[in-house]
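Undergrad: Respectively, the protein sequence lines represent chains A and B. So for the first sequence, the working numbering puts the first residue at 915; every next one is plus one. So for the second sequence, the working numbering puts the first residue at 915; every next one is plus one.
Don't take every hint at face value.
Identical chains blur together in the list; that is why a pair holds if it fits in one copy or across any two.
[Claimed, not checked] Below are the PhoX-like pairs computed for lysine-lysine, each with C-alpha atoms no more than 25 Å apart in a straight line: (1) 1080 - 925; (2) 966 - 1217; (3) 1213 - 1080; (4) 1216 - 1228; (5) 1009 - 931; (6) 1315 - 1228; (7) 937 - 1008; (8) 937 - 1224; (9) 1001 - 1207; (10) 1009 - 1150; (11) 931 - 1008; (12) 937 - 1009; (13) 1054 - 937; (14) 1224 - 1213; (15) 1054 - 931; (16) 943 - 1009; (17) 1150 - 943; (18) 1074 - 1054; (19) 943 - 1008.
What the hints contain is simulated information worked out from the structure, not anything from laboratory work.
Number of protein chains: 2
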Amino acid sequence: MRKAWEENFSKNIRDFKGYSIGKLLQYVKDPDIISFAVGMPSPDTFPRELLKSASERILREDIDHVLQYSPIPGEESLFESIIDFLKWDNIDIKKENILITSSGQHGLDLVGRLFLDPGDSLILERPSFGGALVAFEMEKPRFIGVDLEEDGINIANLHKKLEESKSGAIPPSKFIYVIPDFQNPSGITMSLEKRKGLLDLSYEYDIPIVEDSPYRPLRYRGDSIPSIFSIDQDRKGTNVIGIYTFSKILTPGLRVGFNIGASAVIGKMTNIKEANLLNTPKWNQDICAIFLKEIDLDKHFKKMQDYYRKKLEKILTALDEYLGTIDGVSWTRPDGGFFLWVTTPPSIDTMKLFYEAVEEKVAFVPGEASYGENPEKNHMRINFSYPSEEQLVEGIRRLAKCLKRHI
Amino acid sequence: MRKAWEENFSKNIRDFKGYSIGKLLQYVKDPDIISFAVGMPSPDTFPRELLKSASERILREDIDHVLQYSPIPGEESLFESIIDFLKWDNIDIKKENILITSSGQHGLDLVGRLFLDPGDSLILERPSFGGALVAFEMEKPRFIGVDLEEDGINIANLHKKLEESKSGAIPPSKFIYVIPDFQNPSGITMSLEKRKGLLDLSYEYDIPIVEDSPYRPLRYRGDSIPSIFSIDQDRKGTNVIGIYTFSKILTPGLRVGFNIGASAVIGKMTNIKEANLLNTPKWNQDICAIFLKEIDLDKHFKKMQDYYRKKLEKILTALDEYLGTIDGVSWTRPDGGFFLWVTTPPSIDTMKLFYEAVEEKVAFVPGEASYGENPEKNHMRINFSYPSEEQLVEGIRRLAKCLKRHI
């Protein structure tokens, strides 16, 4: 009889523990806890009636196809809708540049699998999205972090890292992973100047950029900044791989997203998808296609922006009120997305604070889950999309109470 | 600007081409072609009304949850339904022994990723399922094939391979992959005696068995043989990992399946799923749960068995009639499932024959796609679940015409 399964596991996976945030969520099951920890959209923004009627129609008109195997790269109608949708964002691509994925997480896993061998490096922002970290971590890479400034990745430091790579001081990196709009976890948006500077370095050092864009239409103030993908296209480049998902702009429950990029990249990712999933379910894809085609997207996004803008303003006011007087505590003021980032004095370990906060019936994600290497321990990721406006205020009040004990 | 993406790709993936069958399907788009190539169930077996009403109910009663993120391991109601469902097959497991997957292909990928490092070996049947081969191939393993006999894997040869592994003559294998019931591609079913013998070797050499069971309830004649998982349980073992899918017993379009096994294995696979997909969509899981709970499964399976049995009888009669007189041509006579296996004289290369067959408006899968190493070229995988009864007869007539030119 088998006892020691672990000995059979692969070297890459043996020590792999998954996402530490997932483990923390067991502590926030108590319904009295106000959770800033999850990254869920509010169901108030779901176009429920459209989705119900779309489903009813799909099943009435095309049930035998909906329930059958469907093409590995994706459904024709969804490709068409995505091509149109991206034109709105000044991106002009063909079908061969798109792969439908079974969520943004799947899209990130395809990136890791396509590029990374154990010991390979990749460059990413400090902090970065924990879900991307775990997807890449399965390939046992080395993470090279470049700090974020108020207007995005520190280009001078990035340049330095690339130069060190070139000279052999650190291992060369396979790609640079960034979330330019309303970054998860920091809420920071990369300036146009830095997007251009990042592309310059991408060309100079011949290194691809992976641009993760889950929140892009969810801007609550200020003007939209061109995506790195579109700037690259304007400059006749093909250096950018874009990761998109319907999770934040429609609903997460469909588990549909798409990757875009050079056909050589998309073709190879399609081979991987064939072997790791075969196809994304057609019902789920058809709902997304109907959403893109039939809803008034401007109106839909405006409604979402208005809804989340109010929450953002509410939480920023509460932060000013309850944390504004605490020495050494600061936070970002995002222009969109779902998250902001609170920094505490370095003496505070937010992982320890987490358990105290749960006692006070409030939860957040300790910042240390957001670093590939050398985690900083004095940050908190705060989600403001899911809690109600009342909960946002009361949650920050509770959090301030915990913090004040230590400062 | 980037030209040579390939140089950036990982070593595992650089030469990975995906599933060769997928590439062949472009040749069979002509609607006049009778295709024995695909492995699709017939939509005539889909419980369409149940699925429509289940969907309508799920969206009416619980839309906000259906459209939200859901638990990584799977939905509670589906766990319960699966636990009950497997009792029907003498398998008694708990929630901790189940991971909901986003299809059988996903389930196989989780196996490959959990166990295989580049250069590791695995043992599998000759021939075996091409989809499993590509899932495992992404980890660059060495395939060790053991030939199939009429009653399943050759136990004496398997014993020999395990002994060679032990002595260091060939690399030790991480697991043994088998499809005991109505194997894809051969249609062969493993005898009870061999299932027991396989388990004996699994215990003796401390090597896990991966049992893939997509077709198990689809038996058209003869008595059901206990699954290897259930025999292992009876013997108080935990050596077997079971791979299941709703694709063949309900519909492939939902992309839902499940893996079962020791909690140490399922827990680690759950970590991988978290990083490579996050969760399986709830709508799709809820439909499966309602199917298992609310349909009369005995009646549903009997209806499917009656439907496919007629097709099996039809194609076997056609084979006798059109190929029975051709020297050196033989085929398997499956008791269930979707496929049978035609063997031609060794002088025939069925990959070459494929293109001739397409000219004659008939298609099949050349057998060489079904081997991990040293492919045999004189076999064809013939699917009988999807074509109509008329197409089955006419298709075999056309195939015989092609074959006769070469014999």
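Undergrad: Each of the hints needs a verdict: does it hold here or not?
TA: Results for each hint:
1. 1080 - 925: between (29 Å within a copy, 21 Å between copies)
2. 966 - 1217: So residue 966 and residue 1217 pass the 25 Å test inside one copy only (19 Å; across, 31 Å).
3. 1213 - 1080: The answer is neither: 48 Å in one copy and 67 Å across copies each exceed 25 Å.
4. 1216 - 1228: within (18 Å within a copy, 60 Å between copies)
5. 1009 - 931: Intra 37 Å, inter 20 Å, cutoff 25 Å: inter-copy only.
6. 1315 - 1228: Classified as within; 18 Å inside a copy, 76 Å across copies.
7. 937 - 1008: For residue 937 and residue 1008, only the inter-copy Cα distance (21 Å) is at most 25 Å; the intra-copy one is 40 Å.
8. 937 - 1224: Close neither inside one copy (31 Å) nor across copies (51 Å); limit 25 Å.
9. 1001 - 1207: within (13 Å within a copy, 45 Å between copies)
10. 1009 - 1150: within (18 Å within a copy, 52 Å between copies)
11. 931 - 1008: So residue 931 and residue 1008 pass the 25 Å test across copies only (22 Å; inside, 38 Å).
12. 937 - 1009: between (39 Å within a copy, 18 Å between copies)
13. 1054 - 937: This pair counts as within: shortest intra-copy Cα distance 21 Å, inter-copy 32 Å.
14. 1224 - 1213: Classified as within; 17 Å inside a copy, 54 Å across copies.
15. 1054 - 931: both (12 Å within a copy, 23 Å between copies)
16. 943 - 1009: Classified as between; 19 Å across copies, 43 Å inside a copy.
17. 1150 - 943: neither (50 Å within a copy, 35 Å between copies)
18. 1074 - 1054: within (24 Å within a copy, 35 Å between copies)
19. 943 - 1008: between (45 Å within a copy, 22 Å between copies)
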